[in-house]
Every structure is written in C-alpha cells, then in structure tokens.
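With chain A's structure known, arrange chains B, C and D with the ligands on it following the hints.
The residues making up each chain are set out below.
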Amino acid sequence: MADIAQAPAAPSGLRRWFGEAKSLGAAGTIGLVLVGLVLAGVLIGPLVWQVDPAQQQLSQAMRGMSAAHPLGTDHLGRDLLARAMHGGRLSLVMGFGSVFAAMAAGVAIGATAAMRGGWIEAVLMRLIDSLLSIPGMVQAVILVAVIGRGIVPLIVALAIYSMPIFARVAHQTARQLMNSEYVLAAVAMGSGRLRLAFVHIVPNFAAPIITIASFRVGANLLTGAALNFFGLGAQAPSVEWGLMIAEGQRYSWQAPMLTLVPGLALMITTLGLNLLGDGVRHRLDPKTRNSL
Amino acid sequence: MNTRIGDIVPDLDNRTGSAPPHLSVRNLTTSFRVGGQWKKIVRDVSFDVMPGETLAIVGESGSGKSVTSLSVMRLLDPALSRIEGEVLLAGRDLLTLTERQMQGVRGNEVSMIFQEPMTSLNPITSIGRQISEALTIHRDISGREARREAIRILEKVRIPNAVSRYDEFPHQFSGGMRQRVMIAMALATKPRLLIADEPTTALDVTIQGQILNLIKILQEEEGMSVLFITHDMGVVAEVSDRCLVMYRGEMVESGRTADLFRRGEHPYTRALISAVPPLGSMANRALPVKFPVVDVETGKAQPAAEIRDTVDKSRTPVLAVRDLTMRFDITGGLLGRRRGAVHAVENVSFDLFQGETLSLVGESGCGKSTIGRSVMRLVTPQSGEIHLDGYEVMKLNHLDLRRMRRSIQMVFQDPFASLDPRMTVGAAVTEPYLIQKLGPAAEAREKAAGLLDRVGLSGDILHRYPHEFSGGQRQRIVIARALMLDPKVIVADEAVSALDVSVKAQVCNLLLDLQDSMGIAFLFISHDMAVVERVSHRVAVMYLGEIVEIGPRAAVFENPQHPYTIKLMSAVPVPDPARRGMKREVLPDEIMSPIRPVGYEPPERAYRKVSEGHFVQLS
Amino acid sequence: MTDVVQRLLQGCISVFILFTVVFFLIRLVPGDPAVLLAGPTASQETIELIRTQFGFDRPFVEQYALFLQNALHGDFGSSIRTQLPVMREILERLPYTAVLALVGMGVAVLLGVTGGVIAAIRRNSGADVVLTSTAVLAISVPSFWLALLLMNFFAVRLGWLPSYGAGTWRHFVLPAVVIAAAQVGLIMRVTRGSVIEVLSADYIRTARAKGASSARLMIHHALRGAIVPVITVICLQIGILFNGAVVTETVFNWPGIGRFLIDSVLARDYPAIQALVLVFGVIFILINLFSDMLNAVIDPRLRRAR
Amino acid sequence: QENVLRVVVPSSIEAKIPSGTGPAFNQGLLRNVFETLTVVSPDQKLLPGLATDWSVSDDKLTWTFRLREGVSFTDGTPFDADAVVRNIDYIMAPENRIPSLDNLGPLSGARKVDDHTVELTTSVPFSGLPVRLAHTVASMVSPASYDEYGADIPREIASGTGPFMLESFELPDRIVMTRNPDYWGGAPEIDGIDFDFINDGQTRLAGLLSGQADMNFYLSPIDRPRVAGNPDFEVLSVPSIRAFVAHLPMGLPAMQDRKVREALNLAIDREALANFIFSGSATALDSSIGPGQIGYRAAHQLPYDPERAEELFAEAGWSKNSDGILEKDGERFPTLTYLASNGRYPGDDALAQAVSGYLTEAGVPTELRIEEFATFIEDARNTARDAGWVTQIAWGFASEGASMLCQVYVESNPLDFGGYDNPELETACAEIDATFETDARIRLIEETAAWVMDDYPAIFLLAPTYEVATSTAFTGLQLSSSEYHSFAGVAPAE
Ligand SMILES: Nc1ncnc2c1ncn2[C@@H]1O[C@H](COP(=O)(O)OP(=O)(O)OP(=O)(O)O)[C@@H](O)[C@H]1O
Ligand SMILES: Nc1ncnc2c1ncn2[C@@H]1O[C@H](COP(=O)(O)OP(=O)(O)OP(=O)(O)O)[C@@H](O)[C@H]1O
Ligand SMILES: [Mg+2]
Ligand SMILES: [Mg+2]
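Top line first, the protein sequences correspond to chains A, B, C and D.
Per the numbering used here, the first sequence starts with residue 1, numbered consecutively.
Per the numbering used here, the second sequence starts with residue 293, numbered consecutively.
Per the numbering used here, the third sequence starts with residue 912, numbered consecutively.
Per the numbering used here, the fourth sequence starts with residue 1218, numbered consecutively.
Next up, chain A with everything else stripped away, as it sits in the complex:
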C-alpha cells in the first residue's frame, strides 16, 4: 500500500498522460481548451473561412467589422480574420517547430554527454554553458543577425537558444539515471549503449523534458513574434502574428484592431500553452505540483 503511494507516475506511455483531461487539473484543462480552440481556428478556420489573406483591396483599407470582413480589414484592405487565422499557422510552426528541434538536439547532446562522460561530456557541457552565458533574446537576435533573416533562420535561432535548457536537464537526469539501480542492472545484464539510451534512459526522462517543452513553446512563440515584430524574422507577404502587429502598429490610432487581434491571439495561445504546461507538470510530476 505504502509502496503504491510512493510509486511515481503511471508508466504506460504518453497517451495515458494526456488521456484524461481531468488529470491535468483545472488550469491544465482550461489551457487544453484554449490551445484546442486556437488550433481549431488556425488549422480548420481557413477551410471554413476561405478568404485569401493576401487579397488586397486598397479602397477597403481599415474598414471596421462587416459581414464581408467580420474583423474588418487592414491597411491594405486585406481581411483581418483570414490573416489572423493564417498568421497563427506560422506562429505555431515557429513555436512548436523550434521547441521540437531544440528538444531533439538538447536531449541528444545531454544524453550523449551523460552516457559518454570524460572529455566528450566536458566539451559538450562547456559549449552548452557558453550558450547559456548570454540572455536568450539577445542570443536569438544575434543568431538571426548571423544566420540571416527569414522564418527558417528564425526557427533555427529559437531552437539554438532554447536548446541548452533541454541539454542541461537531459544531462542531469541522464546522469542520475546512469547511476540508478535499474540502469546498472541493465548494464549488468549486458545491455549495449544504444539499448541503454533508447530503452532505459531517454523514455525515463520524458517527464521533465516534456514539462519544459510545454512551457517553452509559449515562450518561443512570444520571442519569435517579438523578433518578427522587429523585422528580424518572417517577411511579408508571410503572415504571422508578430509581423501583423508590426505592420499594424503604425495604424493603431486609426485601426486598433490591426494590433489588437494578433496581440490577443498571441496572448491567448501563450496563456493556453502555459496553463497546459502547468497541467502537464501537474500530471507528470505530482511532487512539484505546488511549486513554480
């Protein structure tokens, strides 16, 4: 009985973690709903509202809400609703894409460092430390300056700057796991290094990694949008929320909707992702339920 109480989270795969929204807690559930709504709007929305976000009509510039344009039009007379929905796609690709890449690279580096040890570990972790010695946004800005502008460089920059945290956690966890009895047991039964990595180590630090990732998506979404806002990322005619705010800011007196719509969209998405992150942590790590 006591043993069961001490047992960590149930082990049967991601599906079960996300299976019941109930287990995400109230905040997590709200987050799930928000993220779900945003995803629906961004993915399914354009199929329903089939208006070309790039279709300009100067004579219709900055009109208010109407049947033809439920959220009005922007400074070039483009449909704001369509732009908001299409813009989210790029924003989300940016957020999720960069985190996914960062996670893959970070876990690979961290796990390799922990498992190989020696100078490989020293070199890799020193590299990670140096990445960490510059604040994130500054790093992303500089990376963009170095790699060049555009959405792909932006995603790469975001990925590079969010990678160290994954590498650190992966490294730490993997090191702990390397000393854990079941990994020793696996070594003792003759497991090769690969088997160790893929069967015993990586799956077992999924929890902290996924928790970090779920917060990171929101953060990267915001950083990416800010960089787009400053003109360091995606370029028109691409549509992206940060970019829309940048384009609309000059007209915020005449047409506040131009910045309000993408800004709120960004905020709601990030809010949803953060709440979801809370829920995921709640779910994966009941011990820290109350911290952070």
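Just so you know, not all the hints are guaranteed correct.
Pulled a few chain A residues facing chain B out of the computed Cβ check, cut under 7 Å [stated by the list, open to error]:
1. 182
2. 188
3. 190
4. 200
In short, the hints are calculated from the structure, not lab data.
A quick note: this is a predicted structure, and the numbers were derived from the prediction, not measured.
Beta carbons: idealized from backbone N, C-alpha and C, even for Gly.
Okay, now just chains B, C and D with the ligands, sitting in the frame of chain A:
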C-alpha cells in the same frame, strides 16, 4: 506497573499503578482526506506512557506509527487531517487545546526527534541557534544564557568542541552528529515526554548503538518518559519497557516488552519476532539456517528447515579476487586537478566457491558496494585481478565483457529502483535473456514464467508494471530476472535491506533455497548483522576499504579478533529484552573518511591466521 | 574567494567561446561590410579602398587575431553605422539600460515576492487563485504588444505620459511597467513554489515541534529558506531583463543598449554586434556571480569553497 | 528655454559633418550649420550661396567662383578661398570615404586665386557643376576644425558658417544646435533647436500632440486628420524631389522584353496607392524623374489597366495558368524579390507591400524583402543586381534630373540597381553635361527623361509630398523639396 502477562488489546489495565500515566492516549483515530474522502489511517489506538518509562511502537512500514506520534503532537496539517479520541498529557487533553496553547506544549512539555537527521535540521541556521531557539521560545532567558545552556547540552550529547561548533551549520556535521544535535534540541527544555520517531534508522549500526545509549542515559538523568518508534525488534528489545505493536493502522498487541518477546500472541507479533532471531542463536552451527517464517494471517510457523552443505570447495573458486584496488579521484578547480582520492577499495583479496555465500559487512562507505561493482566490472578498478568462471574480468574487451555477464548477476538494495518503471514485469524479466541472445522471445517468456513461479509469483503477472507490486514481490521479480541467465554468482548488494522484517525473512529463505537447488554462489553485501549471521558461510569485515577480518561465519561471529569487528558486533542491537539494562560506552567518534591526499599509499598489510580460514589484519 | 575567481574565469571562457563562434559566423554570412561602411553612393574604388584599409580582404583568422589584439588594448573598433568607437557607444547607453532594468525589476520583485508569499500562505484560497492567474497572464502577454498598447493608450491617446526620451521619472513609468509585467509572473510563481516547498520541509516540522509560533515559523524559518531560489531567479532575470530591454527600449525609444543591439543587427553593424556579445556576456556572468555570492551569504551550504 | 525649438525627426544623425553622412534628411539638418557655395531655391532656381557669382572658362574645364565677403566660421576664423580649397581637398581624398561624392560629377580639384576667388576644375566639360555644388556634400567646414580633429572630424563637433551651430551631440538620440548670433544672413530669432530622433511615426506625433515637441518631421499622411482640425497645430507640406521607382532586374531574360516591363507598369493602380497608402499626399509619377527636380516635365500618365497589361503579357508569350501565375511554354514567371527599405521615407514599406500585392495579382509571383536602409543599400548594390531583385527606392538626387537619370540608369554606375544598360543614355548624358546654356540643358533633360520612361527600366510609382506638423507657436519654417529645410527664419508666433 503490574501489567498482567499476556495483556491483550487494548491495554488499559496498567492504570492501576500508583502514579498516573504521563501520557494517556484513548481511542485515537486519525483520518486523512484522500481525493476528497476521509480515510482512517490510524484506528482506535490507545496506550499509556508512565513517568520515566519507555514505550516502543513497532510495526512495519506504513502501519501508522509516525501518524500516531504526529497526532499526539498535533503536527498534521489540520486542513487535510482529522484527529479523534483523547490525548491526555498529565491529565490535559491536547486535542482540545487551541493552536496557541499547543505551541506552549510542543518543545516544552513534549519534544520530538525525527527519523531524518539530514532534513530535519534547518540547513541555513547554525545548529547552536536552533538549539537556543527551543529555549528562547519557552523560557524567558537572554540570548547569552540560551547560548550557554545550548553549549552545555551539546556537550551533554557528546559533541566535541561544542563551543566552537555552536556556530556551524548542519551540513558540516555527519549524520550521527546531526542526530545528536536533534536530541540536544529536543532535550534543551527538559521535556517530560520525548517522542523519538525512528531516530536511528538512517544511521550506521555503530552510530545507532551510541545514539540509543545516549537516549537511555539522558532519560535516566532527566527522568523523562519516552515514546520510541521503530521497526527494528532489536532496538525495541534494547530500549523499551513496554511495547505496542501496530499493524495496518491498528494496534494489535501491547504489553511488557519481555513478555511480548516471550509469548506474543498476535500472529503478526510472532512473525516480527521470529524474523529477527537474536544474534548468537546461530552458535555452534556451521551452515546457514533459514528463518522460521510465521504466516501473518494464520500465525502458523514454518519450522526452520535444515540446509544441506552446498559449498563445493573441491573445484577452483568460481570467483577469485586478488589485490583489488579501486580509487575514485577527487578533482577540482578549473583544470580538473586531482586533489586526492577516495580509497574505496584497497588490496582486497578473497575467494568465493560454488554454492557458497560470502558476506561483506562494514559501515557505510567502507567500499562494500564498490567491490560488488568491480567484480561485475560496472566500474573499472585501478588494479588487481578478478577471475570469474574462467574469465579474466579485468582484461576483457567490450564484447567478452557482455558475455561474461551471463556468469554473474546482481540484485540491488532497492527493488523498486532496480526495475525500469516503464517496463512490464514480463519485459523486465525476459530482457537479459534477449539481450544475451540466448533464444527466441517465446522461450524467454516460458523461462521467465518458470522462474517467477520458482520465486513464488504466479506467471500471470507478466503484463503488470513494477509499481503494482509490494516490495517483497518486486524483490522476487528482480531475483527472477537475475536467474534468467543461470548465473554462477549473484552479487546481492543490500538485497534485503529495504524490506520489512517479515518480508526480509522470506526473501532470505528464497535465496537459500535457490542456492540449494542451483548451487549459486552469493556475494552478499549487507550491514544487517542478524541477516548476515543467518545466511552466510563466510564473512568478510571491511573497514575503510580494506578487509580487516575474514573467515567462516561462526569463527568471525563467535571469536572476533579485530578491534573493529568487536566494536561492530557489540553495536548490534540484540532482540533480547534481557539486555534492556545494558549500556555501552558512548564515544563521540564518527565514521572515518576514506579520502586520502594525492600520492598516499596505504601501508603493507599482513594477516594473521586465527584458525582454519579465519584471518585477521595486523595493524 | 578562489571560488569567485574560478567562476569568473569559467564565465570568461564561456563568453570567449561564444564570442569566437559569433565572430566567425558573422564572417561566413554573405554581406559586405565594406559596402556598408562606404555608404550608398560610394564608388567601387572607395569600397575597395575601405576593404584593404579595414583588412576585410584578409583571412578570417588574421582578422580575428587583429581584433583580439586591438580588444586587449580596449579598442573594439568603430560602429559602421555611427562611426563612433563601439565601446563608447555602449558605455554611454549602458546606464540607461541599467537604471531602467533596476527600476523595472524593483517593481517586479516587490509585487512578485509579496504576491508569491501571500499566495503560498493562503494556498488554494481565492486570493491564491487570483494571484496565480495574474501571474500566468503576465507571463503570457507579449511584452512588445503590451508596450505598444500602453504607449498608445497613455502616451498617444491620453497624453499623460511622455512617449519618448529618458529624462524624468515620468519617462520611467511605462517602460518599467512593461518590464515588471514580464518579470512579475515568474517571480511570483517561483516565490510561491519555493515558500510552499519550504513549508512542507522536514525542518519546518521540527521547528513546529519546538513550539515555534506561526509568525516565527514564517519569518525565521520559511522565508529565509525560501528566498534562495527566488534570489537566483531574480538575478537570472536581471540578466534576462536585457531581453526585455531589447523589446522595451525599442518600443519606447529608450536610449539603452537593447535598442542599440536591434539597430545594430538591422544595420549589420558587425563591430557593434561583436562588442555587444561581449558586453552582454560579461554582464550576465557578473550578475550570476553576484547572485551566487548573495545566496552564499544566506545559505551556508553554498559557502563551502570547494 | 522657451525660445528653443524642439523638433522630432525620423532618423538619427550618424556623422556630424555633412560630407560624412548619408541620408538626405540628415544632410539637410546639418545645412543649418554648414553652407554650400550655391543653393537651389524651393522653386528649383539656382541661387548664390557662399559664392556670389561664377563663370566657366572657354575650354569649359575651369570654373571661377567669387566668394561672399565678410563671412566667418563660428569659431571665428574667416571663410575664404583657403577654406574652400581645404574642403574640396578633403572630400576628394579617397581615404576620407565621402559617401555622396558622386554627386559632384567630374570635379577634379580646387585652386585659390585670391582670398575671395577660387578655381574649380573638372576633368571633362560639366555644365551641371554649379547646381551640384548646392549638394551638402560640398558644405564648407572650418579649416580650424579639420586641423583640430584630423581624421576624427566626422565624429566631432565642427564649425560652419550657417545660422546655427552645433552645440552637443548626445548619444544616441539628440542633437542640440544654438543660434549663430553673427550669421551673415541675419541671426535667427530662436535661441536654438533640439533635435530628437525617433523612429516611430506614432511616437513622434504623440510627442507633438502632448507638447513634448514643437515640430514633427514628417507627419505620416494617414495621421493628418489627427492634427488637421486642431488650432494648436498646422500641417505644412512640400512636394518632394523624390520619385518612388522600382528598378526592374534587367538580368532576367523575361525582363528583356519591353512589353513585359510596360505590362508591369500598367498593373499598378497609382491613384489607389496615392489615395490609400499616402492619404492623398502623393501624385502618380508621370516622368522618370520627380516633379520637384530641375528638368522635370510631365511625360505621360501611367494608367491602371490590368486588361492591357494582360494583353501585353500575352503578346510577350506569358499567360496566366490555373493558379493565376504567368506561364510561358509551361515555365512559370520567375519569382521576383521585391526589395524595399523600411521607414527611410514615409510610407515606403507600405507602398512596397501594396505594389507587390498588385504584382502578385498580375500573375507575377513576388516575395517581399523589407530592410533597414543601410542593409537595404548593401543588398541593393551587392545582391539585388545578381539575384535579379526588384529594388524600390525613392530617388532624390541633388535637385537636378540629370543627376538621377545619369546615375541610376547607366550601367557602369553602382546605383544602377536594375542593371539597365542603354548606350543611348550615356550619349545623352554626355550631351547634357556638355551643354552650358541653361535652358537648352533643361530641355535636354526633359527629353531624355521622357524617352527613358518610355523604355520602362523601372516601375514608376509615385512622387510623394512631405508633410510636417508644427505647433502654431512657431512660424517661419521653410520647407524644401530636396529636404534642405531651413530653420533660419523660425520665430515664436505672436
Ligand atoms: N499526509 C498524509 N496523507 C495521506 N496519507 C498519509 C499521510 N501521511 C501518511 N499517510 C499514510 O498513512 C499510512 C501510515 O503512515 P506512517 O507514516 O504513519 O507509517 P509508519 O508506520 O511511520 O511507516 P514508516 O516505518 O515507513 O515510517 C501510510 O499508508 C501513509 O501512506
Ligand atoms: N562513482 C564514485 N565516485 C567517487 N566516489 C565514489 C564513487 N562510488 C563510491 N564512491 C566512494 O567510495 C566509498 C565507498 O563507497 P561504497 O558505495 O562502496 O560504500 P558502501 O560500503 O557500499 O557503503 P553503503 O553501506 O553506504 O552502501 C565511499 O566513500 C563513496 O563515497
Ligand atoms: Mg514513519
Ligand atoms: Mg553500498
């Protein structure tokens, strides 16, 4: 105190004595809110603690011992818990007091010592201030007086250099010293009642012996009552006048400790007692003996069956270790310069024969686990030779090393930690077979089912996960996994230490059975002398990385030669209430550190032969 | 103290590695600093002249060696954009960023720590829910957008506060609010988590068993114990605040190094970018060092000079 | 302090002497401190400046300028022939890297004749020299400043002869000028000017509206209604010499066909752009040079005629496929990258967005690339020509049409962003420079501008009008088409 022999639950009749009980608990029921529902964790517990008396509460893990003591102190979160019944301290019902009044009771009339000396002290306040805080809260004294008093108490609990150590912080103290600080803190206000919740569980035997003694001595000096919580029957016998047995949240039996040991009635009590035969009960026996296991439900005892001699000394030893040395470098600084080394294992040599159990004993950090790991080449020792079943372990390449591991397997201390939580039992048990490519998966499953059956688990558990099992079951699973490769040697590193007493006995018996039927050799690593005495053929005593004494079990236990061995033996609490009055000398010593500066070479050691196979290091 | 020196050295090595990487990466991307320096209508000859004059035609390694040599003499080159020595530009802007960062952080710490402690003490109460939600919300607001909104509302629409410049306290209000908003959420969450964790620590139970009152428990034991992670986060955030500075300064036209960075990047002002990498790195290291030292003062466990 | 004018301006000054700075607007600000030998009046007439009159030698290679007497620099040293020679020598020296030197054409040297007479020589006959000397690049800086600061002079506060003098330069954003009490043209009434550099138009306007500033350069046209009806403010405007054009990448085979280039020009609705992007403060470009320039004459309007454009495309072999993208023999029209700067001229990036929208509509796949001006120029010079990018820019050369025509459409010139190559134009330019009779010269410019337009080397877009919002507390600001706005006459209103 004219308690009748064989008192049964509840034990209310000892109020007939002259003095009223100091603490009197009546029908204590504690519930926790779990998932919105109130769940009774402790049910209807009643007991008395007389002035100057020690009452021990024993029971297995999770039986509600701590909850009972915390209920008495009202230290449970009131939002999540509910306490019913009466807790009368000198006639006053603590449960009816306001929180404010209760603050006046805590630390003043009743003090408490907790199990974990590591975490129970505030890490960022000096130990001196933590002690004087207890005084300033309850006494109207100046800071200077409090300091003087605190130093006095620190000296009393044998903290050397108390004056200079007053301003040090907990992390600068060893575990045993921290526990002494805890005791000092609890005793600073001279409480009438001390509650000690497993105060020695986290400590080494030698240190445990000192702490127990300290409590006894202080109790006599101050004349206080003690409520002592433990799961160790040896400790119970050593410290308590009376004893209360808890099982699954209820008290199942209580009475005078001596009576309980002699004729405890409840099956659970009997199971507990039979699982810890007193040290020395193995006198004049050469071979290991199984534990007489008592079924907790029925109370029926299985007689301890004789064990046949499984040791085959005619062949070459299955494992031979020569001059094994393992040092862990301590590096520091920017360039990772070596600053010294942990001499974890120094010049260790021993043989292990087929069917034999060699136990490694010694205090924490003396290098027992490191030997186990070296033998398996989980760490790479500096020097030495290891011959295992025909392999030159130290010279194997990567592939041969993996093949070598068919011959030797390991069972670890924590059965939960040694199973991958995300792997079904079936996958876990078949894994070694598949890794070593011994046959197809179907065969592996068949063999696994057979072995699980062998260790007393039905084969239909293959699809379940480790967390769905009890500790004992899990350890059986791990043993089954180790057996999958038909190893010649099993290294059992504290394999039974984490288990409850009754389960411990079962698992030990299982190991003996397996040795009997399969001729396995065990390298049995443990700090639990009672278990070691039961299961080993030979014993090696380690101190600071070296073997100081090695020999047949009977020789080492009955005729210890090395001073350290003698000290170790005498520190073991003996589950014999007759020794209640015995006291050992309380030394302020600590465990020595095996860290040596760069370039240190240990002196040459010589061994003296005491008798056939019994050697002792000459110092 | 050797500990401090060591950490400092370590940090410097990190920054050095990073700087080297940036130096070479910058030179690998297409783009011609000579053309930038020459200006829009310069002739090809002028550009060639500049190229040799500044050594852009030499191998990267040589340029790198040259840069290091100059840097050792305190010369980090001149900005392409403004032609002024970059270090002078940075040093003149740095105080603006520092003051803004400290004011913003001060507000955030005050609100965040108070809110976090209240939320932790009144865990699961209405106040907790409100505070925690505010924290999440604050973390989720894009700060450049918030800056725009505040600016549009208070400076442009209402005209209550100045819309640019850095002269008086009124200039600080909006940028500081934006910076605080970005930080307060995290600080509050960390404080809350840390206090809750400490409150459930064994040594708090020990103190209660001693008979300590709730107030004493909170002040002497819980808060002191809880403050370490909070300080770490705050100091980390001061470093990260330069993120915020980038955003806030740009939107509010604040003459600090954050805006200078954006301007330099947009103008591919490589000497400025290089120098900024160094400056940001050094600031970050110093702040982290300071945080460690501060924590060591509070937490004796961290004092050990290993 | 009441008598100090506070001005918010859109870009920051990079160097403190006019020859060191690039953007015309900044050069224009410094014009209030440093003056030129000649000046062009707001109505495009060439007038005396620091030189009172000038003449050219018979071989047309040597110009003699008589200098104004009694003028001195604000550091007290006299303005004389030595000063002119010193300045010309400075800007001609390659190591000084003067960005806008090209504007002076074939100027080759200066020689002192007497204290108030200098001779300037050109390597070939160059009739445009007096007009070109009105460019800020030829501003007169005190020789004493050159002596004092040496190579650092672009970063230091030098002395000029103008109505104001530089007082301080505060990093990063503020320049303070004080009045020159001894100005030869009469000392200004105000005590000084504070210039604050603020990139964002909304912020600048907010500053004006809240009283933080007295003048806002420039007003974003869309914001005009916010100041318009307000009695505290007035909006001044001046047509600019600038011409927004988008250079077509002649390197692309598809662009070799004039029909394609014409079609692209017809696919743009200039009226709509002027009305909705510039809120009416711009006119459709009807010549290859801007209306504010000497030599401008309306050639013809470019109508918005998508049908005709489609026809022309069809004649050139391009027709829209099912995706609405032009195709020829199964091959898609090459994707154009439309390069533009951001915030350098009011409305530039919005214009770029809208134009690229029209191009896309016409079936030409277009990507946008909007950059900060410095990077924009680098890319326009290096990348755009090789990569075949369309480069949108608002040209505004030294008041004179020939200057623009002969630099941006002549192949060997680095500013020929489209790589347009037409030997006839080179001949025509040589002819213009060799024509010393003013009216004939202007006529030649007009003709050349007209036929260049008909060859469509670029998409000709708009001629913007500059609008400045000022507080009615000050009067007397004189705006100029070439952004040489003069603050000399600014005075507090009654
Ligand atoms: N705060 C709590 N909420 C819910 N259940 C609890 C709580 N604290 C303890 N329990 C449960 O109450 C039971 C008794 O716990 P208790 O700590 O008293 O056991 P114990 O006898 O002291 O065991 P051990 O020897 O392991 O210390 C356990 O099953 C435990 O899981
Ligand atoms: N990987 C390692 N690196 C450095 N030191 C180590 C390492 N493993 C063990 N040690 C040190 O070697 C010494 C012996 O450790 P070991 O684990 O063998 O002791 P033990 O006798 O098993 O103790 P316990 O009873 O506490 O398990 C200890 O001082 C330990 O700190
Ligand atoms: Mg307990
Ligand atoms: Mg061990």
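Hint numbers not upheld by this structure, sorted from lowest to highest: none
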